[in-house]
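Trainee: Single-letter residue listing:
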Amino acid sequence: MAKFTSCFLLLILLSVSLSAQTQESDLRIFGYFQNSFAHETEANTQKRHNSFNLQQLNLIAQKDLAENWRAFVNLKIINNFSTEKRWGAYSIEEAWLRYRYNNQFNLKLGLQIPIFNSFNEIKDRTPLVPYVVKPLVYEDSYADIIPIEDFVPRQAFLQVYGLYGKNKLKFEYAMYLGNSSNISTWSDENISGVDTSDTIMQGWRIGMRYENLRAGISFTNDQVAGIKALPNYFIEDSSIQDRVHRVRLGADFSYEFANFDFKAEYITVFHDEKVEDLNLNKEFFYSTLGYYFDEQWYGYISYWFDREKFLPFADISFEVFTTGASMRFTDRITFKAQYAYVKFNPHIYDPGFVYSTDDFNYYGLAASVYF
Amino acid sequence: MKKFLLLTILVFISGNAYSQVAVIAHKNVPVDSVSKTQLLDFYSGDIKEWNNNRPVIVFDLKPRLEIRDRFFQFLGKSSSRMRSIWLKKVLAGEGDPPKALESEEIVLKNVAKTPGSIGFIDKKFVNDSVKIIALIE
Chain H
1 MAKFTSCFLL
11 LILLSVSLSA
21 QTQESDLRIF
31 GYFQNSFAHE
41 TEANTQKRHN
51 SFNLQQLNLI
61 AQKDLAENWR
71 AFVNLKIINN
81 FSTEKRWGAY
91 SIEEAWLRYR
101 YNNQFNLKLG
111 LQIPIFNSFN
121 EIKDRTPLVP
131 YVVKPLVYED
141 SYADIIPIED
151 FVPRQAFLQV
161 YGLYGKNKLK
171 FEYAMYLGNS
181 SNISTWSDEN
191 ISGVDTSDTI
201 MQGWRIGMRY
211 ENLRAGISFT
221 NDQVAGIKAL
231 PNYFIEDSSI
241 QDRVHRVRLG
251 ADFSYEFANF
261 DFKAEYITVF
271 HDEKVEDLNL
281 NKEFFYSTLG
291 YYFDEQWYGY
301 ISYWFDREKF
311 LPFADISFEV
321 FTTGASMRFT
331 DRITFKAQYA
341 YVKFNPHIYD
351 PGFVYSTDDF
361 NYYGLAASVY
371 F
Chain F
1 MKKFLLLTIL
11 VFISGNAYSQ
21 VAVIAHKNVP
31 VDSVSKTQLL
41 DFYSGDIKEW
51 NNNRPVIVFD
61 LKPRLEIRDR
71 FFQFLGKSSS
81 RMRSIWLKKV
91 LAGEGDPPKA
101 LESEEIVLKN
111 VAKTPGSIGF
121 IDKKFVNDSV
131 KIIALIE
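Sequences listed follow chains H and F, in order. Everything in the first sequence is counted per the numbering used here, starting at 1 for the first residue and increasing by one. Everything in the second sequence is counted per the numbering used here, starting at 1 for the first residue and increasing by one.
No wet-lab data here; the hints were simulated from the structure. All clues stand as given, with none of them false.
With a straight-line cut-off of 20 Å between C-alpha atoms, the simulated SDA-like cross-links for lysine to any residue are: (1) F:Lys88 <-> H:Phe33; (2) H:Lys166 <-> F:Lys36; (3) F:Lys88 <-> H:Phe262; (4) H:Lys228 <-> H:Ile240; (5) F:Lys77 <-> H:Asp331; (6) F:Lys77 <-> H:Tyr300; (7) H:Lys170 <-> F:Glu49; (8) H:Lys263 <-> F:Gly76; (9) H:Lys170 <-> F:Gly45; (10) F:Lys36 <-> H:Phe257; (11) H:Lys343 <-> H:Asp358; (12) H:Lys309 <-> H:Glu319; (13) F:Lys48 <-> H:Arg70; (14) F:Lys62 <-> F:Pro97; (15) F:Lys89 <-> H:Asn106; (16) H:Lys166 <-> F:Asn51; (17) H:Lys166 <-> F:Phe74; (18) F:Lys123 <-> F:Asp60; (19) F:Lys88 <-> H:Phe119; (20) F:Lys124 <-> F:Glu105; (21) H:Lys166 <-> F:Ile57; (22) F:Lys62 <-> F:Ser78; (23) H:Lys168 <-> F:Ser44; (24) F:Lys88 <-> F:Asp60; (25) F:Lys88 <-> F:Phe72; (26) H:Lys263 <-> H:Phe119.
Derived coverage of chain F by chain H (criterion: at least 3 residues anywhere in the stretch with Cβ under 8 Å from a Cβ of chain H; other residues may be distant): (27) 35 to 41; (28) 80 to 86.
No residue lacks a Cβ here, since even glycine has one placed at the ideal position from N, Cα and C.
Same shape as in the complex, but just chain F (with noise of 0.2 Å):
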């Protein structure tokens, strides 16, 4: 009994300390769900076009947020590696850096009144102004 009491504090404890992040995307983006591939497409500037051709609009966050590693991690690339590839468009001239905002918050606003574009943010900031493609446990 008292392992099943500790395993359940432990599950409890652990699901409030990484709740889910949600990508969103403005409702109307031609998808409901994209794929890991496909969001390393668009961070990393590779695709820039949704499948009606319109611009893919990527919005990222300040460094040093919790759920911005948590992201870039579930991509498979570290900060500095998304920041070489960045770096190296913006030099070519083949692309800008997707636009960093200071919190979740300007994210969700930033999303909601932008066609076309995405974001990441914690689940428990989405509400129904925005439409969420992916989560990410």
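Just chain H, same shape as in the assembly (with noise of 0.2 Å):
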């Protein structure tokens, strides 16, 4: 894997022509934001609450500092974000250069989502996404819950990418490397930001499109700290040192046909445990059947399921029935309205233990601005 990063970075070097020339554009300032309203019935662990929510608000910088050389900022902003009051989250989810030589060749420098699948791209856009709630392991705000980064990679920071045909068939490729997921965030021991499992990761996708069939399959391969493995067991904490080897495997797939849009995913996540009697492994998979009523109203069906360890002694997966509707009020304001039934079913391994959860129904109504 050495020789492929090695490949990789001297095929960049290579490729990228350093003779930018001045045709600076001027910086532009634009980002989005959604608000909502969620009400969520009672279950055996949660209480039935009502919340209204700044669930995310992201503010670009955007300038071409050059012909083909682009500079790219966004900052993101979750949950009722106050340093005051100890909520939410604030982060830089890009800062990106990118040189575009043409269709088939771009390259992007610096912090960046990397494309993986192909909802991952525009998971955080809330304007383009019907969902009040996202497919859980693009949803943010659930990432206390949701293990989302063991599923979907967040970050790269050198990717290459492009589009290659000119007819009704097309191929899409992406190339990129970037930190496993698990960078240490305990200062005092390390360096914050450093990734702890001293890998890189590496990842591609390789798509097709025909007219308005789209599908493609991604890759992530990376070591993970944090886990100690034993048998029939395992101990999750940032001080572990043992490294796990992880490979992620996505597909995606996607149709346009009338007024119909259909959409699904695949993601399932491998850890070489090298125990017995351990599986680490996990799985999601999404799938949504859109309509548009006209140019304003939109409407869909969505079905998410999802599998992992959430415990040593447990398996439990969660599937959610979710439908929803979307109206463009104008050209920058979306109001939309979901429903979802969570319905659980935990598998556990040790006669002793006792879990259980209810299944519950989630309400949610939001309003998504692009200024």
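Hey, can you piece these two chains together into the complex? The hints should help.
Mentor: Here you go:
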């Protein structure tokens, strides 16, 4: 894999001409935000609640520095961010410099969202997605509950990508390098933000398009620390330095026909635990069938499935049956409504361990604004 | 005879009601015709360069002009879907939407003076300052 990384870097250095011409554009500042109201019914693990939320706010700065060179910075704030009240989170999602040679070859340097499956690219662009709550491995506001970074790579630092073909059939590719997901957060012993797995994450996606059909497969390879695998048992702790090899595989498919569109994605995460009777692998699937009623109204039904090992003694899978609608009020304002039924399926291996949770209903309303 | 007369009138009326949409280009673009797929590639921002690697500059018309609806119908995309395609590119930093101009006369003037550009207007407005690279019935 070291050879792959070296070849990748060499290819990039050879390909980029640094003869930038001075054609600066004006600095563009824009962004978007989504406010929501959610009602969740009572379950044994949670109380019924009603809650307003600034789910997400993104502020973007963009500037063309020269012909073919673009700088892009994307700041993200989630969940009523307040340092005073210790709410939410603020992060720099993207800060990259892009060199565009042509459709076939683009190079991005710097912090960026890697191309993995299809939804990862737009998961944060709330004006584009019809959901109040997105398919769960893409929903940052639930990151405390679901280890979303285990399923999809959230950051890369070097990526080449492009599109081949000028007829109906086109091929897409992307290759990238980044850190593993368990970057150190304990600054007293390590430098914050350093990849504690001592490895580089490699990933790629290859895909094809034929008119309104798009499909692709994605892959990442890295090692994660913070997990100690024992026979039929595991411990998760950020101080654990053991390495577990991890491979993510994804497949995505979308198709538009008449006023319908259909999207589906599958992600499976393999861990090489090197111990028997322990399986830390994870799976996620979602599919959505949508219908454009007219230029303003869009409705959908969607199904999500997630299976992972939440506890040493238990696999838990859950299914979400959801439906919703969005209404484009103006070019910049979209209203959304969503209902979801969340169904848990725990599988307990230790008969002495009692775990149960109730299914619950979710109702959400949101307003998404692009400014 | 009456039927023939009626048919002639209908053909005449329909011919006038739906004049052709001309896809026009600056005279320096390196092609003389484009396919529907290529037009969709240009207007969706998937392809941003001509064969000679020079940029494709795309002009749009303001919404609610009938000719615009006909053009996007021909491409097989509604206005809202085209808007979504462009918004995706804008929010990802991957592209800028086509400049939407007020009228067909302004599109003609801009295409004539902007190398590498294309636009669409009613054929009746076309003059020899630009070249036609596609006609939509």
